[in-house]
Every structure is written in C-alpha cells, then in structure tokens.
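Protein sequences, first through last, are from chains D and X. Using the working numbering, read the first sequence as starting at 134 and increasing by one per residue. Using the working numbering, read the second sequence as starting at 59 and increasing by one per residue.
Hints were generated in silico from the structure; no laboratory data involved. A hint or two may mislead.
[As the list claims (entries may be wrong)] Below are the PhoX-like pairs computed for lysine-lysine, each with C-alpha atoms no more than 25 angstroms apart in a straight line: (1) Lys274/D / Lys175/X; (2) Lys182/D / Lys770/X; (3) Lys193/X / Lys166/X.
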Amino acid sequence: MTTVKVESAMQKQTSPYKWGMVIDLDRCTGCGACVVACQAENNVPICEKHEIAEGRDMHWLRIERFWVGEYPDVRVRFLPVLCQHCHDAPCEPVCPVYASYHNPDGLNGQVYNRCVGTRYCGNNCPYAVRVFNFYRHEWPKPLDNQLSPDITVRSRGVMEKCTFCIQRIRRAKEDAKGEGRMIRDGEVQPACAQTCPTDALVFGNMADPDSRVARLARSPRRFQFLEHLGTHPSVHYLKGGGREHA
Amino acid sequence: MKRRTFLQLGAMTAATAVLDGCRPANEKLIPYLVPPDEGVTPGKANYYASACRFCPAGCGILVRVSEGRAKKIEGNPDHPVNRGKLCARGQSILQELYHPDRVPQPLKRSGPQGSGKFTPISWEEGLAILTEQLKTLQREQATDWLALVTPQLRGTLAEVAASFMRSFGSPHHVSFDLLSPDWLKLANSRSFGNQSLPWYDLAETRYLISFGADFVESHLSPVHYGHAFGQMRQGRDTVRGHFTYVGGRMSLTAASADRWLPARPGSEGALALGMARLLLADSLYDNAAFAANGLRPETLLKALERYDLPMVAQLSGLSQDVIVEVAREFATTRPAVAMAGETVAFQTNGAESVRAIQLLNLLSGSLNRPGGVYPDGGAMAGPENSFGDLLSLVEVMRRDRIRVALIHGDPVHAIPQTTGFREALARVPFIVSFSTILDDTAMQADLVLPDHACLESWGDVVPLSSGRDKAIGLMQPVVTPVFDTRQFPDVLLATAKRLGSRMAAPFPHESYLEMLKGTMAKRLGARSGFDSETTWVDLLRRGGLFETSREQGKGYRWVAAATVPAPAEPRFAGDEKEFPLHLQVYTSPAFHDGRGAPLPWLQQLPDPMSTVVWDSWVEINPKTAAGLGIKFGDLVEVTSPPGSIRLPAVIYPGIRPDMVAIPLGQGHQGGGRYAMGRGVNPLDLVAVKIDGEQPQPAWNATRVRVTRISEKGKLVTVGHPEGSFRSELIEI
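Start from the sequences and build out the full structure, keeping to the hints where you can.
This is the structure we're talking about:
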C-alpha cells in the first residue's frame, strides 16, 4: 500500500509545467506596484522601521536600485529581485529538515510547518530573497481582515519567500483540470506580474515554447541574475536598451 | 492492534524502507511529508468591480472578497484607464478600509481645539449638532458664513456639494488640491481656447520629451501612462521609443529616460522656445501644422528671435551641443511628443512655460495625431485657479466671516502654511471634518462625521485622463461597512432634509445611491432606452460606463488671439546669498500629496530612488553635501524664508548641485499610528508670496539653505546607501 503511494508521488515528479518569469528592464520604471501587490497577496507582514534598520525587511520582492556614473552623466537602473526559483538552488540541499524543496513544476517550495529556523537556506541564497520571521508580527484589528485565507500566516522563527503565488497556480490547475485541459498561457499570473503597469513582468510556462514568457526568454537582450553562479534560475531578465546618452 | 496486524505492518514498512533506499533522499522523504502543492486549497472568492478614488486618475479596480472581507485589489482589465493594472497606492486602499485607527463613529470635541480629545456620539446627535449650527446661520440671515472645503470633486459628488452650498446660500465652496492640474487647464485655454486636459498617445510615439512631467509618480494618470510607456519602449517589434527628460532633479520618471537634461529650475520654458527657434531656423517644422493652426513660421521665428542658442544655454545651464542634438532628434523623429509637468508649472513663470512646451507639439505636428497629443475624451469644465479661490476663503476666514466650516480631506496638512489657511481656520468657531481617520484637519475639528472608506462607498469616478474614449468608473461597496460611518454625500442630503423643504428641494432623491442611479441613467438614457435595474446591475458588474466610440472629437487648435508664449524670468522667494539652494518638493510614488501616509504598506514601501522607508529625507548633490560637510544619513536643518525643518540627508547623485529636494506626504500631526509624527512636511518651507508676484501655487520657487546638525539622522534605507556598484554583474 505504501509502495503504491511512493510510486504515485514519483510520477508527480514530472510535470508539463515549468514556471518561469521574464522581467523586461527596459519597461520597468521602478514604481513599486509589484512590491505592494506581493505584500497584499501573500500576507507578508508589515515591518517597522527598526526591523528594516536591522536588515530584517520581509518583502518577498524588492527593487534594487543602482546608481551608475556621476552628475551630470548619471544613470539609475532598477532591478526587481524576487526568488529566482533556481533549478540548481543553493538553498535546497542545505536544509536539514527538507523544508525547502523543489517541486515538479520547477518551483522552490518552502514548507513552513517543517521549517525549524536554522536560516541555512537564507545564508546560502546568493540573491538574498529569503526572509526570516525574526519577530512575531501582528495585524492590529481590524487590519487582520485583509489576511488572505488561502495562505498561512507564518509565525516567528520561520523562513519564507516568494512562491510565484502558488495559490493562484493551484487554483488555475484546478480550473483547468475541471475542464480537462492544460492551463492556458496568461491564465495564471502572480500578483506582481498582474499589477505591473508597464507589463515588465511576464509569467508563464517555460516548457511551452510558444508561451509568451518562453518567446521573450529567447530575446537577445536576455540575461540571468548572477548567471555565472550556475544556479539556473527560472527568472530571466531582459537588458534595458538604449540609454546611450546617459 | 492484533499481533498479526502489527507484524504485517512492520514487514511492509521494512520492505518499503529497503526499496526506497535506492532512491534519492528528496523523493523518498518529501512525498510523505508534503502533500502536493503544500496542501493549499484555494477558497472560492467573489470579485466586485469598483473604482479607485485615491488620486484623481480614477482607475478601475476589482476587489477580491472572501467571507465578506475584502482581501486584495486588482486592476479592472476592462477599464480603459488602467487596463487591469494598478499602482502601489491603489492596492493599498484596502488598508484605508481596515485601518486600525479609523474613526468608528461620530465624534464631538471634548478637550480644547486641536487637542485631539473627542467623545463618541451617535449619528442622530451628530446630525442634530450640525443642523443646529446651520439653522443658526439661517436664522441670522448669515448663510454665507458657511464654508465647504473639498478636494476637486467630480461627477455626482461634485453636484451634491455644489447644490448644497447653492441652496444654502453660500458662495464659499473651495475645491482645492495641491497637485490639481489647474495650470494645465489655464495654459490650454490660453493657447487653444479649450481647457480640456491633454491625453498623450505615448504608446504610439517614437520620441518623448518630458519637461518635468512625472507620469510614473503622479502626473495626470500614472497607471495609464505607465502602461503606455511600456508599450512605447517594447510594445512594437522594430521601434523603441526614445525618452528625454528635462528637470533639475532626476525623478523616478527621469530614471527611465535615455537622456536627462538637468536644466536650471524655471528655465524650462525658455529652453523649449530655444528648441522651437532651432526647429524654425532649420525648417524642421511641420508645414501642415502651421497651416492648420493659422500660424506663419516666419512670424513665429521673428517672435522667438530672443531665444537664440547661447542665451538659452546660459539660462538653462546646459551645453549648446546637447540642446541642438535634442532639438534635432525631436524634430526629425515622427511622431514626437512633448509633455509639460508639475515641476515646470509650479514656478512663477509656470503657465507661460507650459505653453512654450505645448508650442513644440504644434511645431512637430503632434497636435491631434497618433503618437501625439489629443484633448482628453472625458473633457470637463473645472476651475483654472482654485488656489485663488482658496486664498479668498482664507481672507474671509481671517475677517471672521466664516462661522461653520465643513471640510472633506486634509487641507491642514496638504496646504502650505504660508497661505495662512491653518491660522485662519483656527478662527472658525465650528469645524466639521468628514475624515475617515483623525488626520491633521480632523484633529482641529469640533465635530467629526466619518465618511465611508472607498471600498464601502457608492459613487461615480470620472477619471482625470481617460484617453480618447470616455470612461466613468462606478464605485460600489464591496463589503458591509466596518464601522458606524456614513457616506459624505448622504450626510449632506440628510442635513439638507433636516434644514427644511426649501433646502431639500434640489435633492428629491431618497439617498445618494438613488441620485447616482439617476445620473447614470441620464448618462445612458441620452443614447439608449433604459431598463433601470438590469442595466444598473450590468454597469456595476462591468465597473462603469466605458464608451468605445471612435469618433474624432474636436481637437486642439491654436487660437488666433493667443500670444506667443513668453515665460518671464523666474523669481524665487529668498535671497540667493542667504539661501543658496533651490528647493523642489515632489510627489513620491507612495504618498501622493500626503493621503497615502496613514497606510503602512506605503510607509514600508522603499522609495524607489532613495530606498528610504518610514521617513522623510532631503536629497543633496554629492559635491554640495561635501562642501557643507554633510554625510549620508546626517541630520540637517533646511531653512527657507518662512520656516525651517530638520530631517536626514540623502546624498543623491541625480540632482543639480544648486538644488535640494524633499518628498511630499510625511509630517502628519494626526493620521493614525502609522503616519503620526513621522518625518516632516516640506510644505512648511514653501513660500507663497514672492516679491513682485501675485500669490500663486509656485511650490518650487523657494530658496533654502542647509546646515548640518549631527550625524543622528536615524535614516533607514533598504538598499545600500551609496547605491550598488555591482551593476556590471547584472549586465546593465
């Protein structure tokens, strides 16, 4: 009986989906809509000033800002950074309790109720996108009404991170299954991509060569964040073009 | 358990363990402990269409509601303004609804004025107090002793407010917003005889030059133009639109530009005219456009003779080569469009500078053309000088000619001190606030009659810039009210009823909702038969009335009587020796004019340029800062002729050395736990009366000096203070 269970789980290791994202830096204006969308969708706690001063900001998605050059030939570059969902993820093998794992769709999952808070994964992540609940966060009433029932509220001592809005993927899968089809391109979007005013963030199935995200990832402008580390991220960036005049 | 069963199970487990030994640990362990996809079972949620009234852009929203509680706000894909997209502020109005410090029910002042001490009362009592105050005015034949101060309202709400004041018999209704585009209406009516706001076709343009128009942060319709900007950059296969930004500070919008021209503040209009002159001299203008607008290039060139290249270069502080290059690019790339924004407008020569920039659109043939500029489809008449109205009201209040002031919004925070509004308001014996939270204005009030939050309200939201099509968003309550609050227009209606039949005559409707239905029916009825209930439900379901007719409205045409734009020399408050630096106040993408400050998501949102959280800061050029001995995060004092504030310094590479900039929005005395006492309000520095000028909304025409106080600025940034130097690693 148990053997059967293992086999069915084994079969689930292959999936027709490989979720990925393309971020077009030529479109990104750095406006921050994605940051709030992510926080709203995923019950990410509100961090007070002193927490952020300690480097304990909990945003799953941040926008890195780079200054290049000096006045008046100065430029700014923005880089939205979220979990890169690496296929060779440095965070996964170091977890002593298998809280961080790779799911068949290519996502780096995080099992909150298994996490014991060693923070090894966070230390090992070159992108610094894993955030740890150093404090117990509260949502003063009635602010707690905004908490989404689809996702757990993580307690103190737990590591958390971007999930590509797995609850949305799950919902789309159920809908698709009910109709006996695959998820259509563009049907499921994480909160950040959904709200991005400039359409800089595009999400989809990399395993489908015709999906918008796969087509964009073949752009000559494509690069990956810290590509030389060999983590094979699921997130691809497209270089900002032009700007030759500084 | 029987012994036999136990042994059977034991054997099975052992066998499994042996079998599993050959497999990687990952596959062995995880299936047991992790149900597929973390056992997430998404609940069934309802989506309600509504509209956002946080800023005047008026985007359409969809609110996800489960178990009767609003959970998440998304853009309405059918709404022509935002097309399913939404900014940081729009998503945060959820926290307006569930803010822990909302005013739960009507309040009556119990301590001295401004003490913030209130006693909760019932609506019956609250309305009775208000009615009594108004009845006293009526009895004493002093109905013009009533004032109503609101933001610039549109749609049905504007009608209610106007009718209320008209039938009560008071002319003192001021609708004022710090950032309202009065300046644009004024410039348009001077140049085109048509005050309708412009709609820029960014998506189709190939060359955009923005003179201080920060469309990513706040200019007209940030989400709409953000979307169009994405299209302009990468939405076309072979064309990538080019973007040049003119302005002394590199704003968030400027950060996306290909070229940044840090022109001296107040010189932008002259720069535009200098470019126009170059275009005319080199015959790079659009001939047809001149014919269509009844202008002659030779006459115009003659009129612009003064703006020759050396003079313009000297005024703007830019190099001649760059000006020539940009002018040529602008003229030879079609379609090209020029935008004028707040940074330019809020100078003493603002109106004429804006007209000068519009002239560039005429010259390049971009008026009423794809990729150019059109009058907005939802054109509405509106005030061109609400600041003047505000100053007259201040004068009336100062002469003690106002006994009751009804205030919606937070003008005490969002109006510069130097207008005298705060002091004049303190003389008003009875102040009523309709704020949802005890903001700076509500703290001064005698009576607080809390309005519904946006997500609990009915209403029509007329967007400021909806494109060439007309769109009217419809706001509906998506949850039952959290507290015992009432909608502002309903309170006005109820008060009118209590004041007697003469006062109630303009309001035959039972409630604001009925009135709204009437307005919408009228808007529809003119075109088609109206089957009220189903049509109404259909409107609500779609989120409003979106007209997609493609008929070309009347476009912009230069008025024969319009003068050639002639921006005067800019004037600044404060002597250059004593106050060597220009001050620029600007909107951060989080707070707008300050209304976003009470919401914690926005407080925690790192400012994109400085990455500062939960605070105010002043941006200083690295060289200037070094000269003053100021380091990143130091506490400094910024002093202007009318005032001084202390705040931490941010060393900012993207600002002119003779300029400092402070974001608007912080420095609330009230506003709930997240805003109160946080940061400073730069409007305290802004002078309104500048020597030799009429009082005008020239928020960027003040000079300041900066002195270092200590190293304890308590500044918190998310990013590295100096910016990252690893940009080559990410190939940008």
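Assess, step by step, whether the Cα of Lys193/X is no farther than 25 angstroms from the Cα of Lys166/X, and give holds or violated.
holds (18 angstroms)
For the pair we were handed, Lys274/D and Lys175/X, check the Cα-Cα distance against 25 angstroms.
holds (22 angstroms)
Holds or violated: are the alpha carbons of Lys182/D and Lys770/X at most 25 angstroms from each other?
holds (15 angstroms)
The structure meets every hint from the earlier list without exception.
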